[in-house]
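Protein sequence lines correspond, in order, to chains A and B.
Here our numbering runs 1248 ahead of the position in the first sequence, where the first position is 1.
Here our numbering runs 1248 ahead of the position in the second sequence, where the first position is 1.
Hints in this document: simulated from the structure, not taken from any laboratory.
Among the clues, some could well be false.
Distance condition first, Cα-Cα at most 25 Å in a straight line; then the derived PhoX-like pairs of lysine-lysine [unchecked claim]:
| # | chain 1 | residue 1 | chain 2 | residue 2 |
| --- | --- | --- | --- | --- |
| 1 | B | 1528 | A | 1623 |
| 2 | A | 1527 | B | 1623 |
| 3 | B | 1527 | A | 1623 |
| 4 | A | 1609 | A | 1584 |
| 5 | B | 1489 | B | 1527 |
| 6 | A | 1550 | B | 1302 |
| 7 | B | 1584 | B | 1327 |
| 8 | B | 1550 | B | 1327 |
| 9 | B | 1572 | B | 1561 |
| 10 | B | 1280 | B | 1609 |
| 11 | A | 1301 | B | 1302 |
| 12 | B | 1524 | A | 1623 |
| 13 | A | 1301 | B | 1550 |
| 14 | B | 1623 | A | 1528 |
| 15 | A | 1302 | B | 1527 |
| 16 | A | 1550 | B | 1301 |
| 17 | B | 1609 | A | 1302 |
| 18 | B | 1301 | A | 1301 |
| 19 | B | 1550 | A | 1302 |
| 20 | A | 1524 | B | 1623 |
| 21 | A | 1623 | A | 1336 |
It should be emphasised that the depicted structure is a prediction, and the values quoted were computed from it without experimental measurement.
For reference, the chains in residue letters:
Protein chains: 2
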Amino acid sequence: MNEYKALDRKILISILDELQYRYNEFKSRQLKLDMSRGKPCPEQLDLSMDILKKTAYLSADGTDCRNYGLPDGLPEAKKLFSELLDVKEEEIIINGNSSLNLMHDLIARALLVGVNGIDRPWRNNGSPAIKFLCPSPGYDRHFAICELFGIDMITIDMNNDGPDMDTIEKFVSSDELIKGIWCVPSFSNPDGINYSDETVMRLAGMKTKAADFRIFWDNAYAFHHFTERPSGVMNILNACKKTGYPDRAFIFCSTSKMTFAGAGVSMVASSESNIKYLKKMIIIQTIGPDKLNQLRHVSFFKNVEGIHAHMAKHASILKPKFDKVISILEKELGGKGLASWIKPEGGYFISLNVMDNCARKIVDMAREAGVIFTKAGATFPYGRDPRDRNIRIAPTYPPIDELTEAIELLCICVQIACINSIIEG
Amino acid sequence: MNEYKALDRKILISILDELQYRYNEFKSRQLKLDMSRGKPCPEQLDLSMDILKKTAYLSADGTDCRNYGLPDGLPEAKKLFSELLDVKEEEIIINGNSSLNLMHDLIARALLVGVNGIDRPWRNNGSPAIKFLCPSPGYDRHFAICELFGIDMITIDMNNDGPDMDTIEKFVSSDELIKGIWCVPSFSNPDGINYSDETVMRLAGMKTKAADFRIFWDNAYAFHHFTERPSGVMNILNACKKTGYPDRAFIFCSTSKMTFAGAGVSMVASSESNIKYLKKMIIIQTIGPDKLNQLRHVSFFKNVEGIHAHMAKHASILKPKFDKVISILEKELGGKGLASWIKPEGGYFISLNVMDNCARKIVDMAREAGVIFTKAGATFPYGRDPRDRNIRIAPTYPPIDELTEAIELLCICVQIACINSIIEG
Chain A
1249 MNEYKALDRK
1259 ILISILDELQ
1269 YRYNEFKSRQ
1279 LKLDMSRGKP
1289 CPEQLDLSMD
1299 ILKKTAYLSA
1309 DGTDCRNYGL
1319 PDGLPEAKKL
1329 FSELLDVKEE
1339 EIIINGNSSL
1349 NLMHDLIARA
1359 LLVGVNGIDR
1369 PWRNNGSPAI
1379 KFLCPSPGYD
1389 RHFAICELFG
1399 IDMITIDMNN
1409 DGPDMDTIEK
1419 FVSSDELIKG
1429 IWCVPSFSNP
1439 DGINYSDETV
1449 MRLAGMKTKA
1459 ADFRIFWDNA
1469 YAFHHFTERP
1479 SGVMNILNAC
1489 KKTGYPDRAF
1499 IFCSTSKMTF
1509 AGAGVSMVAS
1519 SESNIKYLKK
1529 MIIIQTIGPD
1539 KLNQLRHVSF
1549 FKNVEGIHAH
1559 MAKHASILKP
1569 KFDKVISILE
1579 KELGGKGLAS
1589 WIKPEGGYFI
1599 SLNVMDNCAR
1609 KIVDMAREAG
1619 VIFTKAGATF
1629 PYGRDPRDRN
1639 IRIAPTYPPI
1649 DELTEAIELL
1659 CICVQIACIN
1669 SIIEG
Chain B
1249 MNEYKALDRK
1259 ILISILDELQ
1269 YRYNEFKSRQ
1279 LKLDMSRGKP
1289 CPEQLDLSMD
1299 ILKKTAYLSA
1309 DGTDCRNYGL
1319 PDGLPEAKKL
1329 FSELLDVKEE
1339 EIIINGNSSL
1349 NLMHDLIARA
1359 LLVGVNGIDR
1369 PWRNNGSPAI
1379 KFLCPSPGYD
1389 RHFAICELFG
1399 IDMITIDMNN
1409 DGPDMDTIEK
1419 FVSSDELIKG
1429 IWCVPSFSNP
1439 DGINYSDETV
1449 MRLAGMKTKA
1459 ADFRIFWDNA
1469 YAFHHFTERP
1479 SGVMNILNAC
1489 KKTGYPDRAF
1499 IFCSTSKMTF
1509 AGAGVSMVAS
1519 SESNIKYLKK
1529 MIIIQTIGPD
1539 KLNQLRHVSF
1549 FKNVEGIHAH
1559 MAKHASILKP
1569 KFDKVISILE
1579 KELGGKGLAS
1589 WIKPEGGYFI
1599 SLNVMDNCAR
1609 KIVDMAREAG
1619 VIFTKAGATF
1629 PYGRDPRDRN
1639 IRIAPTYPPI
1649 DELTEAIELL
1659 CICVQIACIN
1669 SIIEG
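Excised from the complex, chain A in its bound form (with noise of 0.2 Å):
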């Protein structure tokens, strides 16, 4: 198939009379359609019952974990999830519910009162804004933390194996505002991609010129991958240890998107000095974790293998929507040169790159059609994709048949904009 660029302008008017025509007919269908946020679906919920019918409430060691303690958790739930991140007992902590919650407080108490070892807070008095790096397309919670929190962002652009680690090394080593990067090493959200093992030691050893420089690991998707289990991507603790800078990361990770997205489990590692340190913060921050719901989730998993096991049932129930969603992009926009996309094996998003100055209006479109993309340009730090081409789609929610009716209403709303955008030249 010739690319659309090439085709005569005649020809295109001719495409775009017939796509226009499947446009209006989509638009009959009075389509009531939210892809915006990338939830799981009822069946992956429902792989989770067992958890609620839990009833116990004494730990192994006969931790009565109705009443207060163990601020950092209980310890079966940090052996079972240190085993998982490949990390010690001593580096983990196991929270509430979410990891975002546990990202935002760090940055607040960074900003209030430093990270373990510098005394002088991120926010200095009379000093001026400090400075994320945000590799992006990336997580729009990620870059409203830093909005509230008035630190500014740097986009950095994300290449097949992570971040541009060129400009990344070139930004830190020379401006001491720089105090951190958001990453999400595994299926990125939305590109799907995995840092390579150069990137994670490029990351981990690279010379900062700010000590309290910290690198934000967001491993939200370590573990939902669609096919065979792979390696993984490189520990990064361990990476940080072998370069010499041991505090520089915090891995962030919950059960979330393995049992319950409003009821799970999230857990942050990192150094023994740094969670010891965050320890008695989180002291005086909480009475502590839910340890019911901790208790609950090791009852069900019972060991590391339980986890992969209960991931691969979730494999199951995503990848024939990622394929769908894959097998539609192909046969509506493939080869076309309008649009082009990475077909992730793992992890919550497709993201799809379209033509410049066209994601907006294609995202209107489709709102205008019934169906709620994420907003263009949420991937990015401001809300403002600098080329307004980039769309993120979140498969895992909506059923299958209306994941596709979804799907083939947003290529024609691609092909019609970037026809268009290609006749005005």
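Take the given structure of chain A and dock chain B to it, following the hints.
Coordinates of chain B only, in the frame set by chain A:
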């Protein structure tokens, strides 16, 4: 009985001999009791076991509580607890398992971003430390939050009807850096007193130099009475509406001491405008609270009457413990002029004031004999009791025979330390 101060030195020394004998006898028992924290006892936790058996996950309006969403809480939880606190549903947010967490985060946010309606963060570039008023004795964890964030604490004396309002009014009217006050208005920690209507109205209506002055109203023990249901402390939100400062107060409450101390539900109530603002902030902080636990709680309590009936069961467990402590205090210390206490009609603590400069010695002596009380000074800012006289007794957790032993020992220590102090002049 004569007050001990009026007794002859020889008589005092013979009394001391006998006390020392009794103290040594206690020591020989090799006790190991921890009376330091206000934890519910297992019998109290058992009252809520039916919560663990709740397996429903759909809310009344069909929301799947297992999934994301509802960052401000489950509608039926908002309904139940807004009724309980006598506020509107638009004036409440239902959160995770720790109200301390809500307080900590509200202050962190105010320091970094500011409060609703005032764009300026509490902690401005270049400005000196802000200040909080701390009625004392008070709750050590309130003070720990201030200390962490470098907020200067001003100790305010407690009277029988609440904190010393004359002093408070003087401070807040003249110092723009005073941004908040900690209050435990019902069965205060540790005095067990209730704020009078006059105190509440004066707090609500006082002129403050700082427009962003806020009241942190920790109503942890609002429904924790041992007697007939009392009318309760005046509603601070209503009071603030009446005085024309509707945004001044935040009410905090939780079910930590109703259901499970480690796995309850927390809430914050304030003006509709404050709650709207707070919700915007919470959306950035977290993916939302554990709605399954909220659903469990609503389904367990059913309605406000259900909560009150449940609290009556707590009272029947706790009242004998408090009665026992008071009867020992009266028997051992009554009329001797060495110590004073208030007999609380609810709450979790009994506050014992001994002769000046004796509290630390007494707590040390008890520890040497195997009974740990709350650290002397802990009930004051920076852990420093200016008169070194306050000891917090937490009678809820130990079984009544252990409690009896612990308080008998305490009374011996009080007498030894105070008599020594009299003798030394």
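> Against which earlier hints does the structure fall short, listed by number upward?
Replying inline: 7, 15, 17 and 21
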